[in-house]
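Asker: In case you want the letters, here they are:
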Amino acid sequence: MSLSATDFDYIRTLVMKRSAIVLEAGKEYLVESRLIPLAKREGFSGLEEMCAGMRAKPSPALVEKVVEAMTTNETSFFRDLMPFEAMKKQIVPELIAARGGSKCLSIWSAASSSGQEIYSLAMLLRENFPALRDWRISLLATDLSQEMVARTKQGLFSQLEVNRGLPAPLLIKYFTKEGTHWQIKQELRDLVEVRQMNLAESWKLMPQLDVVFLRNVLIYFSVETKREILGRVREILRPDGTLFLGAAETTLNIDENWTRVQIDKTSCYRPGAAELRKAA
Amino acid sequence: MRALVVDDSRAMRNIIAGILRDIGFEADTACDGQEALNRLAAGPLPEVVLLDWNMPVMDGFTFLVEARKKPEYADVRIVMVTTEGEIAHMVKALEAGANEYIMKPFTKDVIAEKLMILGVMPE
Ligand SMILES: C[S@@+](CC[C@H](N)C(=O)[O-])C[C@H]1O[C@@H](n2cnc3c(N)ncnc32)[C@H](O)[C@@H]1O
Numbered sequence: 000m001s002l003s004a005t006d007f008d009y010i011r012t013l014v015m016k017r018s019a020i021v022l023e024a025g026k027e028y029l030v031e032s033r034l035i036p037l038a039k040r041e042g043f044s045g046l047e048e049m050c051a052g053m054r055a056k057p058s059p060a061l062v063e064k065v066v067e068a069m070t071t072n073e074t075s076f077f078r079d080l081m082p083f084e085a086m087k088k089q090i091v092p093e094l095i096a097a098r099g100g101s102k103c104l105s106i107w108s109a110a111s112s113s114g115q116e117i118y119s120l121a122m123l124l125r126e127n128f129p130a131l132r133d134w135r136i137s138l139l140a141t142d143l144s145q146e147m148v149a150r151t152k153q154g155l156f157s158q159l160e161v162n163r164g165l166p167a168p169l170l171i172k173y174f175t176k177e178g179t180h181w182q183i184k185q186e187l188r189d190l191v192e193v194r195q196m197n198l199a200e201s202w203k204l205m206p207q208l209d210v211v212f213l214r215n216v217l218i219y220f221s222v223e224t225k226r227e228i229l230g231r232v233r234e235i236l237r238p239d240g241t242l243f244l245g246a247a248e249t250t251l252n253i254d255e256n257w258t259r260v261q262i263d264k265t266s267c268y269r270p271g272a273a274e275l276r277k278a279a
Numbered sequence: 000m001r002a003l004v005v006d007d008s009r010a011m012r013n014i015i016a017g018i019l020r021d022i023g024f025e026a027d028t029a030c031d032g033q034e035a036l037n038r039l040a041a042g043p044l045p046e047v048v049l050l051d052w053n054m055p056v057m058d059g060f061t062f063l064v065e066a067r068k069k070p071e072y073a074d075v076r077i078v079m080v081t082t083e084g085e086i087a088h089m090v091k092a093l094e095a096g097a098n099e100y101i102m103k104p105f106t107k108d109v110i111a112e113k114l115m116i117l118g119v120m121p122e
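First to last, the sequence lines map onto chains C and V. Position 149 of the first sequence, counted from 1, bears residue number 148 in numbering that gives the first Met the number 0, the numbering being contiguous throughout. Position 7 of the second sequence, counted from 1, bears residue number 6 in numbering that gives the first Met the number 0, the numbering being contiguous throughout.
Read the hints as simulated data drawn from the structure, not as lab findings. Ideal placement from N, C-alpha and C gives every residue a C-beta, glycine not left out. Not one of these hints is a red herring.
The calculated EDC-like cross-link candidates involving lysine to aspartate or glutamate, where the alpha carbons are at most 16 Å apart (straight line), are: (1) V:K107 <-> C:E160; (2) C:K172 <-> V:E85; (3) V:K103 <-> C:E160; (4) V:K91 <-> V:D58; (5) C:K176 <-> V:E83; (6) C:K152 <-> C:E192; (7) C:K88 <-> C:E126; (8) V:K103 <-> V:E85; (9) V:K107 <-> C:D79; (10) C:K264 <-> V:E122; (11) C:K203 <-> C:E234; (12) C:K64 <-> C:E146.
To give an idea of the interface, some chain V residues facing chain C are shown, with a C-beta separation under 10 Å as derived from the structure: (13) A97; (14) E99; (15) K103.
For each label pair, taking beta carbons as the anchor points, the in silico distance ranges come out as: (16) V:K91 <-> C:S1: 52 to 62 Å; (17) V:L44 <-> C:E255: 47 to 57 Å; (18) C:K88 <-> V:S8: 36 to 46 Å; (19) C:K152 <-> V:V90: 20 to 30 Å; (20) V:K91 <-> C:A149: 27 to 37 Å; (21) C:L251 <-> V:V90: 45 to 55 Å; (22) V:G23 <-> C:E84: 13 to 23 Å; (23) V:D108 <-> C:G100: 41 to 51 Å; (24) V:D108 <-> C:E84: 11 to 21 Å.
Based on the provided sequences and hints, a complete structural model is requested.
Answerer: Structure representation (structure tokens):
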């Protein structure tokens, strides 16, 4: 039994409103594969009945589950490696030199999924920059999904997850084995603040930031939403701060108020249009 | 780039070698540690060895220790690929000179990402 056009439209509007995630025509298969199991778990005979139930009496809890089921949480430790190499070789050393006075450093993993990105950054700082020990380091991880927020807080990963991208020496040093899973040590969990946050809604209580990892999430949004989010990142990023996007993402043709900086095989972005920077 | 896959299971050898070829390696195989040592001696040296732990004739750990005695193999990266998932095993392998450790089961991405960490990746 396949998804009716009306139900697809209902789901797509709902998901768009709650998460800004765009489900184009042709994504019916994705809705089916993600929501049929959810409908069954929630005690409905299928997707049609769940949609009818939600239309008649929308329950906030079920709406949240539907939206969460439509997010893609794929991630890994040190994903794409090169941005982390750039952090190690250039960005963090520059920040240490520039922030010697305040000794404060703040990094944000926006759309952190299950936490691999922020913990990779935490390990990177611990491993390579002992000088930061007496600095105030703020590592913030946020995600739309409550489930992902809970997972990041817990810092518990399966065998397959720790296999992915995590150097074995770091696994031994920073994790403890809990049955079949691996948990990141308390000392690293204590470094990270984890919050639920929808990038597409207004941002409350955001600190000024030195580095933003906003990777593999803009791809799900419309150009307008991308532009709005990039604009807000510019507002909270310090003038010499750095933005990392996913390998398939760019500010180009979306928000021209960024300068692309090439570091080895990766690019990152600095606030300010290229011409302005040259003139300055 | 060359890789040597050492595993007593033919199915496993084929899976790993297949993945490596997909990534762009020239992949050779050996059934146990002794055969792998012979391979290294005969040359040409691989950039990386993917090594099972438990094998007949000579196990992976013994191979590791033997290979690390030879300075001429110092640049060969050795990656343990094993079902041994205890921290103690990992520490033992890394202390004996393994460069990386992959726990079975794994996926193609796991292998690719680990090799990327080690800096052995065909262009
Ligand atoms: C593919 S993961 C990216 C994880 C990590 N940044 C990386 O690159 O590996 C995308 C994440 O974006 C989150 N997400 C989707 N829409 C969001 C929104 N509107 N606000 C915040 N997070 C969102 C999802 O819950 C998911 O965990």
